[in-house]
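From first to last, the protein sequence lines stand for chains A and B. The first sequence begins at 1 in the numbering used here and counts up by one. The second sequence begins at 1 in the numbering used here and counts up by one.
Since the hints were made in silico from the structure, they are not lab data. Careful: at least some of the hints might be erroneous.
What the hints assert, rightly or not - Straight-line C-alpha distance at most 20 Å; calculated SDA-like pairs for lysine to any residue:
(1) A:Lys-209 x A:Ser-242
(2) B:Lys-417 x B:Gly-428
(3) A:Lys-287 x B:Asp-438
(4) B:Lys-20 x B:Tyr-198
(5) A:Lys-268 x B:Arg-619
(6) A:Lys-268 x B:Arg-743
(7) A:Lys-251 x B:Lys-665
(8) B:Lys-665 x B:Met-569
(9) B:Lys-665 x A:Asp-261
(10) A:Lys-268 x B:Gln-746
(11) B:Lys-625 x A:Leu-99
(12) A:Lys-84 x A:Tyr-63
(13) A:Lys-268 x B:Gln-736
(14) B:Lys-447 x B:Arg-384
(15) A:Lys-268 x B:Glu-742
What the hints assert, rightly or not - Sample of chain B residues facing chain A (criterion: CB under 10 Å; computed from the structure):
(16) Leu-439
(17) Thr-621
(18) Pro-641
(19) Leu-660
(20) Glu-667
(21) Glu-678
(22) Pro-738
(23) Thr-740
(24) Leu-745
(25) Ala-747
As the list claims (entries may be wrong) - Quick list of simulated restraints, FRET-style, between CB atoms:
(26) A:Pro-56 x B:Ser-53: 54 to 62 Å
(27) A:Gly-42 x B:Pro-63: 14 to 22 Å
(28) A:Ala-17 x B:Pro-63: 33 to 41 Å
(29) A:Pro-224 x B:Asp-389: 45 to 53 Å
(30) B:Asn-117 x A:Ser-64: 47 to 55 Å
(31) A:Ser-21 x B:Ser-53: 38 to 46 Å
Glycine included, every Cβ here is placed at the ideal spot set by N, Cα and C.
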Amino acid sequence: MEAFEYTAPKTIADAVAALASKGDQARALAGGTDLLVQLRGGRRRAQLVVDVKGVPELNQISYSARTGLTLGAAVPCCLVYQNKSVASAYPGLIDPASLIGSIQIQGRATIGGNLCNSAPSGDSIPAIIALGGVCNIAGSGGKTRQVPAEQFCTGPGRNVLQPGELLVSIHLPPPAANSGANYQRFIPRNEMDIAVAGVGTSVVLDSSKRNFVSARIALASVAPTPVFAKKAGDSLAGKPVSDAAIEEAAKLAMADAKPIDDMRGTIKQRTHLVGVLTRRTLQTAIKRARGE
Amino acid sequence: MTTSYQTIGQPVSRAEGPDKVTGAALYTADLNLPGLLAGKCLRSPYPHARIKSIDASAARRLPGVRAVLTGQDIPENLVGRMLRDFPMLAKDVVRFVGQKVAAVAADDLDIAQHALNLIEVDYEELPAVFDPVEALEAYAPVLHPNFMKYAGRADDPQEHPNAMARATWGIGNVAEGFAQADYIFEHTFRTPHQHQGYIEPHAVIAQVDGQGRLQMWVNCKTPFLLRRQLSEGIGLPQDRIRINPINIGGDFGGKGSFMDSHVAYWLSKATGRPVRMVMNYIEELMAANPRHPAVMTFKTGVKRDGTITARHARLIFDSGAYGAFRPQKGITYGIGAIGPYRMEHSQIDSYLVYTNKVPCGNMRAPGAPQSTFASECQIDLIARELGMDPYQFRLHNLVRDGEESPLGHHWRNFMGKPTLDAAVREAGYQAPKMTPPDLAADGGDWKVGRGIAVCERHVGAGSSTAKISVDGQGQVTLYTPLQDTGAGFYTMLRQVVSEELGVPYNEVSLVPWSTDDARFDSGVGGSRVTHVGGQAVYGAARAVRAKLAALAADLYGWPESQVVFKESMVAAAGHQAVSLGALAARSGGLVEGDFTYDSERDEDLTCFTAQVAEVAVDRETGQVKVLNFTTAQDVGTVLNPQAHQGQIDGGVMQGLGYALLEELKHEDGRISTLTFGEYKMPTIADIPPLRTVLVQSQSGGPSPYGGKAIGEQPISAVAPAIANAVLDAVGASVTQLPITAERVLQALRSQPA
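Generate the whole structure from the sequences, applying the supplied hints.
Structure, rendered in structure tokens:
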């Protein structure tokens with residue numbers, strides 16, 4: 001592993017200034033479960049590692065039924081699922097937070113880091129997209145901008161962050177009445193594995209809980225980035241909850257999947273799994289929306 | 001199980017365990033010698049290419065680089081465990097992705113790595129062959145045109161230039177047997193590379209000392225054999241080479257090969273300094289010595305009533321680019337392929353074939369998991385075609401005690417039926433099949449099935465030696481040339497000493513020997529150590545005991561035959577006991593005994609394994625979950641039940657990985673699964689409830705106190721038991737390992753509607 005400089009700023013301004021000082025040769029460190037492995041393996045290079053765990057805004061986890069959730073980019077997964085109000089408001093976020101890596105990894109790995117690592121297989125990203133997440137980004141000179149989660153990743157390991165920019169937090173809107181969400185993935189092992197395909201869905205039902213008001217569906221490991229399968233989710237809006245509607249959404253999600261053949265799976269298997277997992281996550285999301 | 005022994009048969013914990021879990025135990029990478037350099041190799045990016053030129057001048061100029069070697073800088077000797085076909089560094093041709101073409105010694109690893117990046121190699125790619133069946137075609141590129149000149153090759157002429165060895169075993173005449181059959185079945189099965197997955201990668205330190213003698217620390221479990229291979233490669237006589245003892249961080253069959261040993265010597269010689277080479281896990285997965293893949297075609301003739309009339313197995317083992325990591329001359333792989341079934345006609349044709357892939361070596365029960373998968377899966381396919389339950393079909397054909405094996409052996413006290421019956425009973429094989437509630441609730445379309453597989457395997461043999469001393473303080477010290485691979489035998493050997501000399505097992509000091517300290521030792525492997533190492537230690541303990549008894553008789557007038565050793569005391573009925581130390585002190589020095597044990601394999605003794613897998617299969621995704629796994633094992637005296645159970649559980653899990661997950665995947669000869677993220681071994685969450693039944697064999701085995709063998713026995717039947725359970729659950733026949741979800745789905749889709 002090549003030597004690098006290390007700094008641990010205490011403010012967003014200092015963190016951003018440090019990142020800006022080395023441009024694309026600076027990397028932010030939160031849990032380090034991806035970055036350190038990549039540096040050791042020579043898959044990423046960094047002259048400067050900026051440890052952002054000491055920045056208060058990146059450690060916040062604040063939820064209210066009125067404003068939703070603001071989740072600091074350096075909050076580890078275990079603190080997400082151990083937070084009772086977050087766990088009860090966003091079971092669809094707890095799904096990926098509690099299955100990424102292992103117990104030990106979940107003690108370090110962060111949802112923000114999962115987004116910034118921008119792997120097509122990042123388990124939390126489809127869930128964040130399905131939940132309508134927005135990324136709060138800080139830049140130099142006190143500038144900030146918001147980017148919808150579905151627009152954050154731009155390629156394998158690449159995202160919208162410019163040199164000198166920092167992901168501060170992720171915002172999730174408050175859960176609507178009669179809503180539910182779910183993330184599931186397919187892995188060969190029972191844990192410590194990389195999704196062959198993953199699907200996150202969220203649904204909002206009407207007051208009768210028999211009809212879809214809206215739905216959002218996002219996919220992992222089936223394209224160079226996580227995929228927001230907008231047509232698939234939109235196809236459910238206004239329809240009665242039925243196997244036929246779910247099947248139609250699953251078909252549309254499969255059409256949006258553009259997987260490759262690699263050592264983890266084939267195009268055929270991954271596309272098939274998108275269909276299966278879309279059906280299964282919708283069914284679970286509906287159950288959750290109905291309070292079943 | 002109870003025995004009449006003090007320590008033998010007790011589930012005592014590891015005497016060497018505390019040092020390991022506290023980090024006090026030293027491994028090769030822990031050692032630091034003054035002036036130690038880091039060594040690293042440049043590896044070929046091509047599966048088959050001619051090396052036109054190598055320019056290492058920029059690497060040599062890099063500050064901190066102490067030596068850069070290419071194939072031009074060292075003698076052209078070929079090396080190998082038996083067949084010597086492997087150049088220490090490639091000179092003219094590379095034959096697999098990952099082959100070493102240059103080596104650097106530098107002040108640290110980063111500099112060494114940087115220097116490798118500065119070496120320019122000009123390659124001309126050559127036609128390559130990756131499939132072992134294709135490698136035997138007339139049009140296949142010939143990978144070793146000089147094969148007939150290689151030392152250590154099998155004596156038979158080659159059928160094809162890429163066939164490095166062939167063996168045939170059998171009885172009767174299969175053509176005649178097939179003529180007697182009502183039905184003939186033929187199936188082809190494939191298995192992949194499996195890496196041993198030890199925690200510690202290959203590591204070596206070489207130091208040419210002031211006398212020009214090579215001192216080596218290396219995690220090799222066969223140091224005496226390595227010393228010979230080093231001698232052949234580097235040209236030093238064997239007595240100028242000393243392999244020093246060191247702990248080995250896991251083996252599973254893979255730590256018997258020379259790996260970087262020769263190169264480390266050349267780097268040390270070139271620099272005059274000690275050089276350490278530690279493979280990283282990318283190098284391990286790319287270029288170590290995994291289990292051979294195989295393509296196996298089984299043809300079986302049966303009568304309407306299910307009686308097997310003949311079996312013919314054609315086994316093609318993919319050896320990769322070199323045969324140098326195979327310890328035998330010729331081939332032994334697949335010798336049990338026919339299965340423990342009664343028949344008058346059998347034939348096994350087993351081939352080892354060169355391809356442009358990673359050279360393969362030994363892994364736990366070499367050859368057997370491959371052929372057992374093929375053989376036992378076909379047994380179920382045939383049973384189902386005949387409308388027979390696979391258990392009944394096996395019972396109908398299983399060799400019974402006293403009958404001839406399909407290779408003509410007469411196994412003594414053969415435990416096939418009682419062991420199979422025990423597995424079936426313990427597993428609840430005939431009970432109703434229920435989908436567990438947690439699976440039923442998860443939205444999958446789960447179906448439950450059960451599958452059986454059986455195998456038999458010999459007890460290992462070989463040579464070992466041991467010395468035991470007792471000093472005037474009563475300290476008992478055991479000296480052994482066996483290096484600790486982590487399997488637990490450093491505890492078992494102490495138990496033998498403890499039993500014979502009446503001292504607590506964990507107070508026996510164990511000193512591992514270097515190659516200077518003993519004449520020879522076969523090393524660890526092949527289900528050998530409890531038998532061979534155990535008998536050597538037992539013999540040494542008996543020798544010490546006899547000397548002490550004679551001393552007591554001499555000193556105290558005790559009847560020699562009535563001297564007993566218990567609780568660190570020596571006693572005889574009716575006399576005042578003395579402490580072991582006090583007696584030994586009267587000898588005027590140490591009381592020592594040594595013993596060398598040599599043995600040949602007993603072909604008429606075998607250990608039988610029967611296993612039952614219970615799985616759930618999701619018909620929608622093809623996912624297989626193992627719900628329960630049962631192993632019944634025919635055993636003799638179990639010397640240490642805890643270590644014995646560890647071998648069973650570990651073997652089953654390594655077999656489960658082989659069944660469902662593990663595979664070195666290739667794309668045009670390049671392995672794409674180069675991390676443990678992609679090369680998927682089971683984790684703790686993948687361990688199903690494991691059950692074990694030990695079935696006591698009356699005759700026992702050749703180990704001290706009548707022990708048999710366990711290290712390799714539990715692995716081979718796991719994959720076919722799981723495959724047969726998948727077949728039972730959903731009717732999908734998966735004939736290629738691993739049994740991935742996708743392969744299950746493919747098999748489901750190809751079922752007749």
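Against the structure, the hints come out as follows:
1. A:Lys-209 x A:Ser-242: 12 Å, holds
2. B:Lys-417 x B:Gly-428: 16 Å, holds
3. A:Lys-287 x B:Asp-438: Between Lys-287 of chain A and Asp-438 of chain B the Cα gap is close to 17 Å, so the pair holds against 20 Å.
4. B:Lys-20 x B:Tyr-198: 15 Å, holds
5. A:Lys-268 x B:Arg-619: At roughly 16 Å apart (the allowed maximum being 20 Å), Arg-619 of chain B and Lys-268 of chain A satisfy the hint.
6. A:Lys-268 x B:Arg-743: 12 Å, holds
7. A:Lys-251 x B:Lys-665: The hint is violated at about 31 Å.
8. B:Lys-665 x B:Met-569: Not satisfied, since the Cα-Cα distance of roughly 60 Å exceeds 20 Å.
9. B:Lys-665 x A:Asp-261: Satisfied, since the Cα-Cα distance of roughly 13 Å is no more than 20 Å.
10. A:Lys-268 x B:Gln-746: Judged against 20 Å, a Cα distance of about 11 Å means the pair holds.
11. B:Lys-625 x A:Leu-99: 18 Å, holds
12. A:Lys-84 x A:Tyr-63: 10 Å, holds
13. A:Lys-268 x B:Gln-736: With a Cα-Cα distance of about 19 Å, the restraint between Lys-268 of chain A and Gln-736 of chain B holds, given a limit of 20 Å.
14. B:Lys-447 x B:Arg-384: 18 Å, holds
15. A:Lys-268 x B:Glu-742: 9 Å, holds
16. Leu-439: 12 Å, violated
17. Thr-621: 6 Å, holds
18. Pro-641: Pro-641 of chain B check fails; min Cβ-Cβ to chain A is 29 Å, beyond 10 Å.
19. Leu-660: 7 Å, holds
20. Glu-667: Holds: closest Cβ of chain A sits about 8 Å from Glu-667 of chain B, inside 10 Å.
21. Glu-678: 6 Å, holds
22. Pro-738: 8 Å, holds
23. Thr-740: 7 Å, holds
24. Leu-745: With a minimum Cβ separation of about 7 Å from chain A (threshold 10 Å), the hint on Leu-745 of chain B holds.
25. Ala-747: With Cβ-Cβ at 13 Å, over 10 Å, it is violated.
26. A:Pro-56 x B:Ser-53: 54 to 62 Å: 59 Å, holds
27. A:Gly-42 x B:Pro-63: 14 to 22 Å: Distance hint for Gly-42 of chain A, Pro-63 of chain B holds at roughly 21 Å.
28. A:Ala-17 x B:Pro-63: 33 to 41 Å: Because 34 Å falls inside the window, the suggested range holds.
29. A:Pro-224 x B:Asp-389: 45 to 53 Å: Holds: the Cβ-Cβ distance is about 51 Å, inside 45 to 53 Å.
30. B:Asn-117 x A:Ser-64: 47 to 55 Å: The hint (47 to 55 Å, Cβ to Cβ) holds, given that Asn-117 of chain B and Ser-64 of chain A are roughly 54 Å apart.
31. A:Ser-21 x B:Ser-53: 38 to 46 Å: Cβ of Ser-21 of chain A to Cβ of Ser-53 of chain B: about 44 Å, so the range 38 to 46 Å holds.
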